[in-house]
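As given, the protein sequences belong to chains A and B, one line each in that order. Under the numbering used here, the first residue of the first sequence is numbered 1141, with each subsequent residue one higher. Under the numbering used here, the first residue of the second sequence is numbered 4, with each subsequent residue one higher.
Hint data in this document are derived by calculation from the structure and do not stem from the laboratory. Yeah, the Cβ is synthetic: ideal placement off N, Cα and C, and Gly gets one too. A hint or two may mislead.
Unchecked claim - Pairs of lysine-lysine, DSSO-like flavour, derived with a Cα cap of 30 Å:
| no. | chain 1 | residue 1 | chain 2 | residue 2 |
| --- | --- | --- | --- | --- |
| 1 | B | 69 | A | 1241 |
| 2 | A | 1189 | B | 45 |
| 3 | B | 67 | B | 102 |
| 4 | B | 44 | B | 69 |
| 5 | A | 1208 | B | 45 |
| 6 | A | 1198 | B | 58 |
| 7 | A | 1208 | B | 58 |
| 8 | B | 45 | B | 67 |
| 9 | A | 1198 | B | 17 |
| 10 | A | 1241 | B | 67 |
| 11 | A | 1189 | A | 1241 |
| 12 | B | 44 | A | 1208 |
| 13 | B | 69 | B | 17 |
| 14 | A | 1241 | B | 44 |
| 15 | A | 1209 | B | 45 |
| 16 | A | 1208 | A | 1198 |
| 17 | A | 1241 | B | 102 |
| 18 | A | 1209 | A | 1241 |
| 19 | B | 17 | B | 45 |
| 20 | B | 69 | B | 58 |
| 21 | B | 23 | B | 45 |
| 22 | B | 67 | A | 1198 |
| 23 | A | 1198 | B | 102 |
| 24 | B | 69 | A | 1189 |
| 25 | A | 1209 | B | 102 |
| 26 | A | 1198 | B | 45 |
| 27 | B | 23 | B | 69 |
| 28 | A | 1208 | B | 23 |
| 29 | B | 23 | B | 58 |
| 30 | B | 17 | A | 1189 |
What the hints assert, rightly or not - Now the in silico label distances, taken between C-beta atoms and shown as ranges:
| no. | chain 1 | residue 1 | chain 2 | residue 2 | range |
| --- | --- | --- | --- | --- | --- |
| 31 | B | 58 | A | 1181 | 49 to 55 Å |
| 32 | B | 118 | A | 1170 | 44 to 50 Å |
| 33 | A | 1210 | B | 67 | 37 to 43 Å |
| 34 | B | 58 | A | 1168 | 35 to 41 Å |
| 35 | B | 23 | A | 1191 | 43 to 49 Å |
| 36 | B | 11 | A | 1206 | 22 to 28 Å |
| 37 | A | 1170 | B | 68 | 24 to 30 Å |
| 38 | A | 1208 | B | 104 | 24 to 30 Å |
| 39 | A | 1154 | B | 68 | 25 to 31 Å |
| 40 | B | 45 | A | 1191 | 24 to 30 Å |
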Amino acid sequence: AQSVTQLGSHVSVSEGALVLLRCNYSSSVPPYLFWYVQYPNQGLQLLLKYTSAATLVKGINGFEAEFKKSETSFHLTKPSAHMSDAAEYFCAVSDRDGYNKLIFGAGTRLAVHP
Amino acid sequence: GAVVSQHPSRVICKSGTSVKIECRSLDFQATTMFWYRQFPKKSLMLMATSNEGSKATYEQGVEKDKFLINHASLTLSTLTVTSAHPEDSSFYICSAIGKNTDTQYFGPGTRLTVL
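Okay, chain A solo, but in the shape it has when bound:
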């Protein structure tokens, strides 16, 4: 069975500081991995995805994530946080069984302070 663990339910950074949101996965097959962002009272927006191509994936809004098979990790980073980055971030793994069901992590709330 697949699972996703997001370390840290809350992360707080200063504006301009590095953002690092951690995600570890468990999968019996080569995974597809996703990061989504959710702003208050809104649906989820895809930030980036890994689907067995390049291990370093660049997404929107300056975010990127690196797939590390040996560490079963897919951490999300951004070099310099902006106030508008404050949101909930979800890591997800796809079971790739034909329906591409997503298994979500518990989410990490990112706060950015001046």
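We have chain A already, so just place chain B on it with the hints.
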């Protein structure tokens, strides 16, 4: 990117009534749509998976007679919460995935409040 809409964005209803939520893929044909429920400050819980023209597949613990899902066309799926009760109050989010793609695109969600 692909656009998915939901209607209504917010609904308040009385206990015992039924509520229908629509999910539409606006610029692509959705072979599969998913319905999620999200509790405050929690992650998304998959309720069911629906494919166009066939019965929905419900996750364990989700009552299919309570949450009726219809996927009548490649651009529309509906979720009907029947005989709603206050415990059904939640944020319901749909997503859609097109043919030969691997990415779910999410709707903006529907906030249901049952009084």
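Are residue 1208 of chain A and residue 1198 of chain A close enough, with their CA atoms no more than 30 Å apart? Given that 30 Å is the threshold and the Cα spacing comes to 15 Å, the pair holds.
Cβ separation of residue 1154 of chain A and residue 68 of chain B, checked against the hinted range 25 to 31 Å: Given range 25 to 31 Å: violated, Cβ gap about 51 Å.
Quick check on a hinted range of 37 to 43 Å for residue 1210 of chain A and residue 67 of chain B, using CB atoms only. holds (42 Å)
Straight-line alpha-carbon gap residue 67 of chain B to residue 1198 of chain A, limit 30 Å: violated (39 Å)
Holds or violated: residue 1209 of chain A to residue 45 of chain B, with C-alpha atoms at most 30 Å apart: The given pair, whose Cα atoms are some 27 Å apart, holds under the 30 Å limit.
Take the C-alpha atoms of residue 23 of chain B and residue 58 of chain B, compute the straight-line distance between them, and say whether it is at most 30 Å. It holds: about 17 Å lies between the C-alpha atoms, which stays within 30 Å.
For the pair we were handed, residue 1189 of chain A and residue 1241 of chain A, check the Cα-Cα distance against 30 Å. Holds, at roughly 14 Å.
Verify the proposed pairing of residue 1208 of chain A with residue 23 of chain B, using a straight-line Cα cut of 30 Å. violated (43 Å)
Outcome of range test on Cβ distance (residue 1208 of chain A, residue 104 of chain B; 24 to 30 Å): Cβ of residue 1208 of chain A to Cβ of residue 104 of chain B: about 25 Å, so the range 24 to 30 Å holds.
Take a quick look at whether residue 1208 of chain A and residue 58 of chain B sit within 30 Å of each other, Cα to Cα. violated (38 Å)
Assess, step by step, whether the Cα of residue 44 of chain B is no farther than 30 Å from the Cα of residue 1208 of chain A, and give holds or violated. This hinted pair holds, its Cα atoms lying about 29 Å apart.
Can you confirm whether the C-alpha distance between residue 45 of chain B and residue 67 of chain B stays at or below 30 Å? holds (23 Å)
The structure fails to meet hints 6, 7, 9, 22, 24, 28, 30, 31, 34, 35, 36, 37 and 39 from the earlier list, while all remaining hints are met.
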